Amino acid sequence: MRKIHDFHGGIHPVENKHQSLHTPIRDAGIPAELTLPLSQHIGAPATPLVAVGERVLKGQLVAEATGLVSAALHAPTSGTVTAIEPRPIAHPSGLPAPCLVIASDGEDAWCELPPPCSFETLERPELLARIRAAGIAGMGGAGFPAAVKLGLKPGTQVETLIINGTECEPYITADDILMRERAAQIVRGAQILAHLVAPAETVIGIEDNKPEAIAAMCAAAEGTGIEIAVFPTKYPSGGEKQLIELLTGKQVPSGGLPMDVGVVCQNVGTAAAVADAVEHGRPLISRITTVTGAAVDEPQNFEVLLGTPMSHLLALAGYRAADNPRLVMGGPMMGFTVPDPGVPIVKTTNCILAPSAQELPAPPPAQACIRCGLCAEACPASLLPQQLYWFARGREFEKAEAHNLFDCIECGACSYVCPSNIPLVQYYRAAKAEVLQMRRDAQKAEHSRQRFEARQERLEREEAEKEARRAARKQAAEEKARRAADAGSGEADPVQAAIERAQARKAAQAAGAASEENPLQKLEKTVVTTRERLEKAEAKLAQARSEGADHIAALETGVEKTRAKLAAAEQALQDYQAQQTPAEPAPAGDAAQAAIQKAMAARAAQANKSPLEKARDNLEKLEARLAKSEARLAESRAAGEEEKIVEALASSVERLQEKVAAARAELAAEES
Amino acid sequence: MADVSYRELSLNGLWKNNPAIVQLLGLCPLLAVTSSVVNAIGLGLATTLVLVISNTSVSLIRNIVSDAVRLPAFVMIIASAVTCIELLMQAYTYELYQILGIFLPLITTNCVILGRADGFACKHSLLPAMYDGLIMGLGFALVLVFLGALRELAGSGALFANMDLLFGPVAANWKIVVVDDYQNFLLAILPPGAFIFTGLIIAVKNIIDARIDARRAALREKPVKGSKRVRVTGTIS
Amino acid sequence: MALMRVTSPHAHGPLSTSAVMQQVLLATVPGVLVLTAFFGFGTLVNIAFAALLAVSFEALALKLRGRPPGFYLGDCSALVTAVLLGIALPPYSPWWLIAVGIAAAILMAKHLYGGLGYNPFNPAMVGYVVLLISFPVQMTSWAPPRGAGEVPGLLEALRACFTPGSFDAITMATPLDVLKQNDALLVRDLWAQSPQFGRWAGLGWEWANLAFLAGGLWLLYRRIFTWHAPVAMLAVIALMAALFYDGGSSASGGSPLFHLLSGATMFGAFFIVTDPVTSAVSVRGRLVYGALVGLLVYLIRVFGNYPDAVAFAVLIMNFAAPFIDQYTQPRTYGHAGTGDGK
Amino acid sequence: MIELLVQHPLLAALLALVGLGAVFGALLGYAAVRFRTEGNPIVEQINAILPQTQCGQCGHPGCRPYAEAIAAGEDINKCPPGGQAGIEALAQLLDREVVPLDDEHGEEKVPQVAFIREDECIGCTKCIQACPVDAILGAAKHMHTVIASECTGCDLCVEPCPVDCIDMIPQAQTLQTWHWELPDTSNRGADIIATDAGEAA
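Chains as they are written, first to last, in our numbering: chain A, 84 to 755; chain B, 240 to 476; chain C, 2 to 343; chain D, 1005 to 1205.
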């Protein structure tokens, strides 16, 4: 039996877990439409690989991971992609985010999956590739891509692999029921993870309020060398850092990762998903989600396809919307309110909590902080929450940072115990965001400053050059004048000067004629350099292909473009040569002459035009612009674009209308 | 400098820039000796006199003393003036001299005096400097007396007790008992009371100032918003 | 239907500020009963009149500051201040004494600094100290306990409160005062001579202290505050008394038991030092804070001018609380070292 | 000598005071020379606080000139883009009083970004010349566009545009920039709000 350590603080909120544990996991079925947010994890959003209207099969890769920290997305069922557009997602802001919408066809036809295999036969990179390909992101709530966490740097030694079955938040039972019903799968997943990171020990940590789960896990782990550690129930022992301290006695350094103390931590749900992915090749397309709270008639756990609207699950559980003032994704301590029940289930949705107003009453007005210190006692990070509160409230963000604001895990224990009902966590969230915003702003300001200074410098340089040129010209003129004066025995002769000017002009023209070859040379040069660039790009592309790098597509388009440019350049060269051969170059002056004549003609035409015509022209032009603007406005209104843009457009239309009106008035005045 | 307005000087010394309740200078005597009106008048007069003398002398020598050594020179002048006053008081109002005790010589270190010497007198000619000393001293003395009256009233329920110490036997029965059978409220007499009452006076002054400002702001015309903008990018062709 | 948007956590614990204050009020009951039993109805009249005044002053101050009085009065903090001051004042105090004390406590110590939670000094103790330095005569005379003199009834208590001067005759020095003034008798003889002394400490005082101890223990049990500050304070008082106890000579400072059960020791330890607003915050900070209060109490009692010293000790340490906080920050999870002063 | 001093205490006092005066005067004079502050590093610090929008609303051509002016004693409340927060930061740095923004220089607005309605742009390059941070891309007779990430929102490009095709659009909020606001504590007198419990649509 391992020694169980303790962590500072913690609270014991009412658990309310039994409500959703009466029935086994129920399949939530296939809803008519699935909405897959492209970013269901921490890191860069996935890039869609399918087009609107395309038919997809269950398990088919529909969006691939981009960048290092990202996760792939797969179609949860077969159907047709109907849209790729911003939709509301499960986020406290209620802002829309890019989503991939699939209309299910009800056939639930699987795509071709890799053959099932046993993990012992697979090499480490291959295992990792399978996990990455399955798009697994931490199922406990944070949603960190699992493959990234498991992709250790070579040479690191993992002491402890912790499988987190703690589930310390009240109400949530998704992991509990998973452990009860699929203990063997979790243990296999844990074995795969252990195979991958080769730890000195593997521990599955479970709180002692889940006796059935503990029994099931113990039975499943029999003889595998995996230890089941049971510890007293306390919130937030399921927090990664707290769990690591509980089981190993080590603290993850501030700003560091569990790996810094030789620990890798994964959720039981993640372990189960890993087992599925590796053994059966099945990507992550569904998860267990608890639906609970007093506003549903039958609280229970569902196995639900990702992208299913919450309203679908709530309906299955007997949701009474009238009794439910707020809908929470996650638990009552760290979950967030969702603005609309239509938002989809994502990889991190472990619970949908629909409490009644009596169950979780609306927060009462905050009273003054009486510095009772209960928050400091409850804080699992040993912070001084009320100091942070004062600093956040007084906008003294540097001081808040000095008091380790960023070590706050936002577990909510301080707000829970606060007798004055102060929304402490909100203060910390806001303060953290403000600090980050300030850092961003400072960066941007610095960037702007550099650009401004660079611009000023450039303008000064240009000015100086201009000045220098002018000075040189002046000097030359003076020189000439002096020489002329010298030649003309001390008398400035304007005739002489004029002659000289004319001579200079002639010389310049001669020089221009000499440089007549230039266009040809230029074109030739263009062809040569473009060809060189094309060769280089092709080499790069080949290299990227052989390495399987991410940016092949970008390179391909680059090569394509360069090739087109080369063709154009060659064409231009040929054209030029063709033009050159039959006729000698036309006198240089001709083209300019023609342009001047044209301009003069235009001006004459303009002058010939009566004011009436001018006004009419003007009005026509303006009306055309107005029509265009109006069309754009209507378009943006129809597309439901953001209010501000529509407003901006509307105001510009108004301006144009005014101008048109003015032009009309002018025209009328002219006509009369 | 000729452009010194005496009206402005008076307003500054008595209200806008009052040494005691705006600049908060000379708090030590302010808090320590204002337990009664007579003490306050005594110290106020002494301070005013010293201020006038020191400002006058500093103004006279302002062009002679070099900048680096001006402070020691000023302190010397002030110390001499204080000594004279102290001797005078010892001679004519001995009891009061004894009550004021250490605070008489401590006038030397009163920041009001050095402050005015360094901040005003050494930059202005004789008459304005002298006038400034007088007004600043009066401003200080007025606050002193007001505070003394408040504390005496709150502390012992009477006013103008023991005025004979300063004004001779004529003033022996100037005492006004405001509340009969008053339980002496020691806190007002003790230094904490001085802090509390000073705070109250400052608060009242701030309220009055805020009212005046609000009334003025209501009368003043609003300037055009954003009217002072310039182009950072030069001319645009 | 519109759904609410709030930050987590959505659940809240059962404790509220007014509940905390009500528990504190409840915990003073045994002490008040014992005081009434030994010294008559004076304390009860004090408390009742003080409570009335405190609520009125609080409402007035809130009104002046533009806060809704109904909401803020609900936190019961003014009542707690009134009850604590009422207990601390000598029984049969004249009405104006109570009024000045409450005015100083509520208006000056509390609302001038911004109301509940913003006051650096314990309001009840500020009120007490203002009275003590302003009216030392009234504040240091205490009613004689039952057994040492006749105890006045309720009517007499009311009369004493509202017709000043009627009750001056029957007051006595407190045991702490007697011991302090003593410079001729051995402690044993003093004990035998003076009617104020009981079994371990002052007659009545010892039981009142034990009753406040009981109330404090109940609060501890209800987890209204932590044990650190009171225990540190009592431990240091006992330690100091034991160190300086010379067996009972005429210059003796009194035995540890005497100090623990005399004056406002227990009342101070469980009802004043534990005032969260004005004490240190962290666990280590509260230990330091309590210990220093204890040290000061003993030093002022034995070597100072005033017979009892809880109020002064607490106010002095109120000054120091932010400083203590600064140097007793707990080590944050994942940080090396103690994070002191950074 | 000493005898003389003993006999004439006045002389002794005078000598002592003059001696003291001389010593301290010398000390002060030395310090004034020895610890003279060089240059004016405060300008850099002020410039670091200013938002670098280069908008000219303060009446100076750019942020740095304003920073220099502040260091020379000008008011700190002339920068609308920096807003009240900027004024507070400056006040703290310079130990001056916090004053409200002077609205002769404009009002504090939400951060904006310029937007060129591209089909209306005639390619006159006037906005390019106006932009203080080279955030507009384009060439003569070709449509221009704003590089949104470089735009400081100074709106200097709006006025020169001959066809009014530039709009200032408030910077859109995204999932990345959205965050919980600090609970509102400003109206505690009127009605008491515990959180910003709002209602979602």
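These are calculated hints, taken from the structure and not from any lab test.
Predicted model, so just to flag it, every value in this text is computed and none were measured.
Be careful, since some hints might not be right.
Quick partial rundown of chain B residues pointing at chain D, CB under 7 Å, derived from the structure [stated by the list, open to error]:
| id | residue |
| --- | --- |
| 1 | Pro311 |
| 2 | Ile441 |
| 3 | Ala442 |
| 4 | Val443 |
| 5 | Lys444 |
| 6 | Arg468 |
| 7 | Val469 |
| 8 | Arg470 |
Computed footprint of chain D on chain A, listed as stretches where at least three residues anywhere in the stretch have a Cβ under 8 Å from a Cβ of chain D [said to hold, decoys possible]:
| id | region |
| --- | --- |
| 9 | 106-116 |
| 10 | 705-713 |
Using N, Cα and C, we set each Cβ at its ideal position, and we do this for glycine too.
Consistency of the hints with the structure:
no.: 1; hint: Pro311; result: holds (4 Å)
no.: 2; hint: Ile441; result: violated (16 Å)
no.: 3; hint: Ala442; result: violated (18 Å)
no.: 4; hint: Val443; result: violated (21 Å)
no.: 5; hint: Lys444; result: violated (17 Å)
no.: 6; hint: Arg468; result: holds (5 Å)
no.: 7; hint: Val469; result: holds (5 Å)
no.: 8; hint: Arg470; result: holds (6 Å)
no.: 9; hint: 106-116; result: violated (count 0)
no.: 10; hint: 705-713; result: holds (count 3)
Checked against the numbered hints listed earlier, the structure breaks hints 2, 3, 4, 5 and 9; every other hint is satisfied.
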